[in-house]
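Trainee: Sequences listed follow chains L and D, in order.
When the count follows UniProt numbering, it moves up by one through the first sequence with no breaks and lands on 307 for the last residue.
When the count follows UniProt numbering, it moves up by one through the second sequence with no breaks and lands on 271 for the last residue.
It should be emphasised that the hints constitute simulated quantities derived from the structure, not laboratory data.
These numbers were taken from a predicted model, which means no experiment stands behind them.
Just to be clear, a hint being listed does not mean it is correct.
Claimed, not checked - Far from chain D, by Cβ distances over 12 Å, these chain L residues were calculated:
| no. | residue |
| --- | --- |
| 1 | Thr45 |
| 2 | Thr102 |
| 3 | Leu211 |
| 4 | His240 |
| 5 | Leu278 |
Unchecked claim - So the derived label-pair ranges between C-beta atoms look like this:
| no. | chain 1 | residue 1 | chain 2 | residue 2 | range |
| --- | --- | --- | --- | --- | --- |
| 6 | D | Leu111 | L | Leu278 | 28 to 34 Å |
| 7 | D | Ala202 | L | Thr213 | 38 to 44 Å |
| 8 | L | Ser103 | D | Arg267 | 25 to 31 Å |
| 9 | L | Asn13 | D | Ala258 | 37 to 43 Å |
| 10 | L | Ser109 | D | Ser24 | 47 to 53 Å |
| 11 | L | Gly40 | D | Asp109 | 48 to 54 Å |
| 12 | L | Ile189 | D | Ser24 | 41 to 47 Å |
| 13 | L | Asp85 | D | Ser24 | 21 to 27 Å |
| 14 | D | Leu111 | L | Val73 | 18 to 24 Å |
| 15 | L | His69 | D | Gly153 | 31 to 37 Å |
As the list claims (entries may be wrong) - Taking beta-carbon pairs under 8 Å as the criterion, some of the chain L residues facing chain D (in silico):
| no. | residue |
| --- | --- |
| 16 | Leu66 |
| 17 | Ala70 |
| 18 | Arg77 |
| 19 | Pro83 |
| 20 | Tyr100 |
| 21 | Leu101 |
| 22 | Ser103 |
| 23 | Gly118 |
| 24 | Phe229 |
Don't be surprised by glycine CBs; every beta carbon is placed ideally from N, CA and C.
Residue-level listing of the chains:
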Amino acid sequence: MDTVIELDRLTKNYGRRRGLSGLTLDIHRGEVFGFLGPNGAGKSTTIRLLLDLIRPTEGTARVLGLDPHADAVRLHRRVGYLPGDFVVPGRWTAGECLEYLTSLRGGVSRARLTALAGRLDLDLGARIRSLSKGNRQKVGIVQAFAHEPELLILDEPTSGLDPLVQQTFLRMVTEARAAGQTVFMSSHIMSEVERVADRVGIIREGRLVTLDTVAALREHAVRRVRLTFDRPVPAEGFAHLPGVVDASTQGTTLHCRVEGSPDALLKAAARHTVTDLLSEEPDLEELFFTYYEGAENGHEAGLTPGR
Amino acid sequence: MATKPASPQAARIFARAVRDQRRSLPAWAAATAALGALYASFYPQLADGAMADMMADFPGPLRDAFRLDDLSSAAGYLGSSIFGLLLPLLMVVYAIATGTRAIAGDEEDGLLDVPLAHPVARTRLLGQRFAALATGTAVIAATVFLAMLAVRGAAELESVSVAEFAAQCLNLALLGCCFGALAVGLGGALGRRTPVLAGTAAVAVVTYVFDRFSGQLGADWLRHLSPFHHYLGGEPLRTGFQWADAGILLGASLVPLAAGAARFANRDLGT
C-alpha cells in the first residue's frame, strides 16, 4: 500500500511543556483518516509539523515521500491545508483572498472557485472582517480544496459550520476520496469523523492511544441494552457475564451495557421469557470518552491499538 | 507533477504587499511631501537673516547638532529642519511601522500560517515583503522630490539643483530601506511585534544621537556608524550624489535582511 504520511517517533517539545511525544503513524493513499483528541492533545502540533510551520524536536516525518522542511515548496504544491484557525486579512474580500491564495499555486479557474463557493453558500464579494466564524471557515475550506490536491490536511474543518454546511463538507470529503485524494482531518468530535473516516487515531497528551478502523472501533464499543421479561429477574444472574457491565433490574426490566459480543447476555436471557429487546447503536462517543479520560479510569481493553 | 512556469506567480507576494498599501502609502507620501514643501516654502521669509540672527544666540553645540549655522543658504535651510529632521523622521516612522508589520506583526496575528503553507519559501516571502517596503520608501521619496521641484521656484530654492534634490531624496529612500530592513530582519528572527518595534526605534534614536552629538561626545568615529550620517553628512544638497554613502546605506539594509531571513527560514512559526 502506498504511504502518504509516514511519521516515525515524531516529537515536539515546547520548553517544559510537551507537545507531541513519539508519534508513529502511517496514512495510506486514498483513505480518509480521522485524527481525534481533546483540545491541547497535540493534533494541531502534528499538523503544523507536517507543513513545516514548526520543526520536530526528534523523529521524522515524510509527506508524499518528501521531507516537509527540505522540500517544503514542492510539497505544498501538492497539499491543501486548512488551519485550525484560518486567519487572513480582514480588509480583503472572500473572492480577493481566494484569488490571491490560489495564484500562489499558479491559479485556479474562476469557475472552480465560484462553484465551490456556491456549493458552500459563500458570498465572494463580502469582506473577510464582515464574515461570521462559519463563513470565514468556508473560505478556508474553498482554498484547501480548490486545486484538487493529492493530500488534504484539515485541522478541525467543521468548527463553526452550521449542520447543513457540515453535511456538504462531509460530502466533499467523501467525493475527494472517491477521486483518489487522501484526507487527514482532525476533530474533537467522534460523530463527525466516524461518518466519513476509514480509520481513526485517537491522541491524548501527545501520545497515540488508539488506532483502528471505524468498523473495528464500533465492534469494540459499548452498547446499551434493555431487556424486558414476563416476570422480575435477579440482576445477579447477569452482572458477571463476560462483556456485561452495570447490570441493574427494575421490576421486569434489565438495563446493562455490553462491550463487544452480546452472545453471553443473550444466552443467559434465553433462560427466561423475553418480551422486549432494545439494543442501541454502539456509542463511539462513549468509547471515545474512555480514551480521553485515560487509562487510570480502567478500560484496559480499549487501550490495545489495532487487532 | 509538471513544474509550473515560475514567472506569473513569482512576484505575487510582492504585488499583494504593494496592493495592500494602496491606500495608506499614497496618504503617507502626500502628507510627508506636503509638510516638506510647506516648510520649504517658508524659506524666503527666513532667508533675510532674521532666523539666522536668532539662531546665533543658541549655544554652539546645539547649532552644530541641528545644522543651524547656515540657515541663510537654501541648502543650509533645507538641511536643518526639513531634510535634517522632519522628512527623515516621517520616512523612518513609515519604514519601521511597515517593516514591523511585514513579518512580526503578521506572524503575531496568525497571518503567516496560510501563505507559508502554500508553495512559498519563507525567504521569498520575507524578501518580497521587504521589496514592497522599499518600493514604498521610493514612492515617498519621489513624491517629496516632486513636491520640492514644485515649490523650488516660488520658494527661491534655485541654488539647490534638481540633481542635488534628487540625490538627497535618493538618500532619503535608502535611509528608509535601512530601518525597514532592520525591522523586517528582526521580525524574521523574533516574530514578535513589541521587541521588533522597540528594538528598531531604539536603534533609530541612538544612531540619530550618534550622528548629531558624536562631536560633543568626543567620539567623532561614532558618527560613521549612523545611517543618518550617510544620509545627510555628505551634504547631497550642496554636492549632489554621494555614491559611497548610498552604497553604505544599501549594504546596511542587506545585512540585517539576510541575517533575519536565515533565522526565519529555520525557526518555528509562532501561533
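Trainee: All hints are to be evaluated individually against the structure, with a verdict given for each.
Mentor: Verification of the hints:
Some Cβ of chain D comes within 12 Å of the Cβ of Thr45(L); the nearest lies about 10 Å off, and the non-interface call is violated. For Thr102(L), the shortest C-beta to C-beta distance to chain D comes to about 9 Å, within the 12 Å cut-off, and the non-interface label is violated. For Leu211(L), the requirement that its beta carbon stay farther than 12 Å from each beta carbon of chain D is met, with the minimum near 25 Å. The non-interface label for His240(L) is consistent with chain D: the shortest C-beta to C-beta separation is roughly 51 Å, beyond 12 Å.
Residue-level check passed: Leu278(L) sits 47 Å from the nearest beta carbon of chain D, beyond 12 Å. Between Leu111(D) and Leu278(L) the beta carbons are some 53 Å apart, a value that contradicts the proposed interval 28 to 34 Å. Range check, Ala202(D) to Thr213(L): Cβ separation about 59 Å, and the 38 to 44 Å hint is violated. Distance hint check: the CB atoms of Ser103(L) and Arg267(D) are about 27 Å apart, consistent with the given range 25 to 31 Å.
Taking the beta carbon of each, Asn13(L) and Ala258(D) are about 30 Å apart, not inside 37 to 43 Å as hinted. Our hint of 47 to 53 Å for Ser109(L) and Ser24(D) is violated, since their Cβ atoms are close to 32 Å apart. At about 22 Å, the CB distance of Gly40(L) to Asp109(D) disagrees with the hint of 48 to 54 Å. A hinted range of 41 to 47 Å for the beta carbons of Ile189(L) and Ser24(D) is consistent with their spacing of about 42 Å.
Take Asp85(L) and Ser24(D): their Cβ atoms lie about 26 Å apart, and the range 21 to 27 Å holds. At about 19 Å, the CB distance of Leu111(D) to Val73(L) agrees with the hint of 18 to 24 Å. A beta carbon spacing of about 60 Å between His69(L) and Gly153(D) contradicts the range 31 to 37 Å that was offered as a hint. Hint status for Leu66(L): violated, given a least beta-carbon distance of 11 Å to chain D, over 8 Å.
Of the supplied interface hints, the one on Ala70(L) is violated, with its beta-carbon coming no nearer than about 11 Å to a beta-carbon of chain D, more than 8 Å. Annotation: interface hint on Arg77(L) holds; nearest CB of chain D at approximately 5 Å, less than 8 Å. Taking 8 Å as the C-beta cut-off, the interface hint given for Pro83(L) holds, the closest approach to chain D being about 5 Å. Checking Tyr100(L) against chain D: minimum C-beta separation of about 6 Å stays under 8 Å; hint holds.
The closest approach between the C-beta of Leu101(L) and any C-beta of chain D is roughly 6 Å, which is under the 8 Å cut-off, so the hint is satisfied. A least Cβ separation of about 5 Å between Ser103(L) and chain D falls short of the 8 Å threshold, and the interface hint therefore holds. With a least beta-carbon distance of about 22 Å to chain D, the hint placing Gly118(L) at the interface is violated under the 8 Å criterion. Among the interface hints, the one on Phe229(L) is violated; its C-beta lies about 58 Å from the nearest C-beta in chain D, farther than the 8 Å criterion.
Hints 1, 2, 6, 7, 9, 10, 11, 15, 16, 17, 23, 24 from the list above are not met by this structure, while the remaining hints are.
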